[in-house]
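Student: Sequential numbering of the sequence shown, starting at 0, is according to numbering that gives the first Met the number 0.
In case anyone wonders, no lab produced these hints; they're calculated from the structure.
Here are the computed distance ranges between Cβ atoms for each label pair:
(1) Gly80 - Ala43: 21 to 27 Å
(2) Ser6 - Tyr35: 30 to 36 Å
(3) Ala44 - Pro102: 21 to 27 Å
(4) Pro103 - Gly54: 22 to 28 Å
(5) Ala44 - Pro103: 29 to 35 Å
(6) Glu26 - Ala104: 32 to 38 Å
(7) Glu60 - Gly80: 31 to 37 Å
(8) Pro103 - Thr30: 31 to 37 Å
(9) Gln57 - Gly29: 35 to 41 Å
(10) Ala91 - Asn5: 21 to 27 Å
(11) Pro103 - Ser31: 31 to 37 Å
(12) Ser84 - Thr14: 15 to 21 Å
(13) Asp33 - Asp10: 30 to 36 Å
Heads up, the beta-carbon is just placed ideally off N, CA and C, and yes, glycines get one too.
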Amino acid sequence: MPNQPNSLDLDIATTRLHELIVSARAENPGTSADPYGDSLSLWAAAVPAVREVLGTLQVHEATLGEVEFVYRTALEAWLRGTVPSSARVEEALLDRIRMALNPPANLIF
0 MPNQPNSLDL DIATTRLHEL IVSARAENPG TSADPYGDSL SLWAAAVPAV REVLGTLQVH
60 EATLGEVEFV YRTALEAWLR GTVPSSARVE EALLDRIRMA LNPPANLIF
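With the sequences and hints as input, model every part of the structure.
Tutor: This is the structure:
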């Protein structure tokens with residue numbers, strides 16, 4: 000089992016993954032006729048950058064799937080037009096990214 004990432008590395012990785020989501024939203028500012036398919040395509044394009052970020056941490060191999068869930072859920076909601084632009088939304092997204100990178104020990108999948 001991998002070690003828990005240190006706080007600084009976790010902060011850097013969380014910020015970088017958040018930036019990837021924000022960039023994808025900025026490049027796709029409107030709603031989509033196919034939010035699911037578009038979020039899937041955007042995820043596929045982001046995988047190399049996400050793997051690079053995860054490579055800086057000692058995380059479980061399942062972490063990529065957890066990050067995928069957060070990334071695609073956030074983008075799909077954005078492309079559906081159901082996510083307001085607010086600081087609270089961004090804070091919740093950062094918290095969810097951090098949890099994907101460093102889940103509680105008692106989290107049951």
